[in-house]
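Model the full structure from these sequences, guided by the hints.
As given, the protein sequences belong to chains A and B, one line each in that order.
Taking the numbering used here, the leading residue of the first sequence gets 51, the next gets one more, and so forth.
Taking the numbering used here, the leading residue of the second sequence gets 26, the next gets one more, and so forth.
The set of hints was computed from the structure by calculation and includes no laboratory data.
Glycine included, every Cβ here is placed at the ideal spot set by N, Cα and C.
Any given hint could turn out to be false.
Said to hold, decoys possible - Cut-off 25 Å, straight-line C-alpha distance, at most; resulting in silico cross-link-like pairs (SDA-like, lysine to any residue):
#1 A:K53 to B:G41
#2 B:K82 to A:Q52
#3 A:K53 to B:S111
#4 A:K151 to B:K82
#5 A:K151 to B:G41
#6 A:K151 to B:A27
#7 A:K53 to A:P132
#8 A:K113 to B:Y129
#9 A:K105 to A:N57
#10 B:K82 to B:G41
Claimed, not checked - Here are a few chain B residues that sit away from chain A, every Cβ distance over 10 Å (derived from the structure):
#11 I37
#12 T78
#13 F89
#14 E107
For reference, the chains in residue letters:
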Amino acid sequence: SQKIEQNSEALNIQEGKTATLTCNYTNYSPAYLQWYRQDPGRGPVFLLLIRENEKEKRKERLKVTFDTTLKQSLFHITASQPADSATYLCALGGRTGTASKLTFGTGTRLQVTL
Amino acid sequence: KAGVTQTPRYLIKTRGQQVTLSCSPISGHRSVSWYQQTPGQGLQFLFEYFSETQRNKGNFPGRFSGRQFSNSRSEMNVSTLELGDSALYLCASSRAGTSGETQYFGPGTRLLVL
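Next up, the structure:
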C-alpha cells in the first residue's frame, strides 16, 4: 500500500539556520507533490508544488526538490525565523481522475528558536 | 476574496448519533474534498465532489457520506457515530480538482464523540 514518511521527530533549529525536512514515499508514482504548513487548530496552507518532471522549485526562502528515482522530496527553509515554527506536511497527488485525491504524510513539527 | 468556510467549528456528540458538517468553497471553485485528521493517522482523504457528483472516494465505511449542491456548497454526514470518529474534519476547494491544482483548506470542524 502507499506509504509516505516524514521525520516523525520534531525538528529544532536556531533562527537564521536552514531547516531541511524530508518526505519519502513508497508504492506510489505521483504526478506532483505539494508542501503545506499547518498551525495548531487551523487547516493546512499551501506552500509549494513540484511536478514529477521537475527537479527543484523555489519561492522566496523556500526550496523544494523532487527525486522520483529515490522517491524523495526535500523541503528547505533558509534563514529560518521563529514565525516559521509549525507542522509541515507533504502531500502526493495523482493524475487525471484522481488528481484531487491527496495522500498526506503525517507531518514534521518544526520549532525555530532564538 | 473569502476563503473556505466550515460550520460548525466545534461539535460534541455521543456514540450512535449522527452529524452533518457543512463546507462553503471559495467562490468559483467547483471541486470540494473532505479529509479526516487524527493524531494517529494524520490527514486521510474521505471523498471529493465536483459538479454535484462524487468523483473520488477514500477508504472509509459507508457511515461517511456527502453531497454537493448546485452552488458548490458541500455537506458530509456521519451516521452511527463511534468514539474513533473524533477528529478534525477539513474540507478543501479548488477550481476543478485537476492535477497539480492548489487546494485551499478551511479551518476545519473539530468533532468530539463521547
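Cross-check of the supplied hints:
{"no.": "1", "hint": "A:K53 to B:G41", "verdict": "violated, 32 Å"}
{"no.": "2", "hint": "B:K82 to A:Q52", "verdict": "holds, 16 Å"}
{"no.": "3", "hint": "A:K53 to B:S111", "verdict": "holds, 23 Å"}
{"no.": "4", "hint": "A:K151 to B:K82", "verdict": "holds, 8 Å"}
{"no.": "5", "hint": "A:K151 to B:G41", "verdict": "violated, 29 Å"}
{"no.": "6", "hint": "A:K151 to B:A27", "verdict": "holds, 23 Å"}
{"no.": "7", "hint": "A:K53 to A:P132", "verdict": "violated, 31 Å"}
{"no.": "8", "hint": "A:K113 to B:Y129", "verdict": "holds, 21 Å"}
{"no.": "9", "hint": "A:K105 to A:N57", "verdict": "holds, 21 Å"}
{"no.": "10", "hint": "B:K82 to B:G41", "verdict": "holds, 23 Å"}
{"no.": "11", "hint": "I37", "verdict": "holds, 16 Å"}
{"no.": "12", "hint": "T78", "verdict": "holds, 13 Å"}
{"no.": "13", "hint": "F89", "verdict": "holds, 15 Å"}
{"no.": "14", "hint": "E107", "verdict": "holds, 22 Å"}
In summary, the structure is inconsistent with hints 1, 5 and 7 from the numbered list given earlier, while agreeing with the others.
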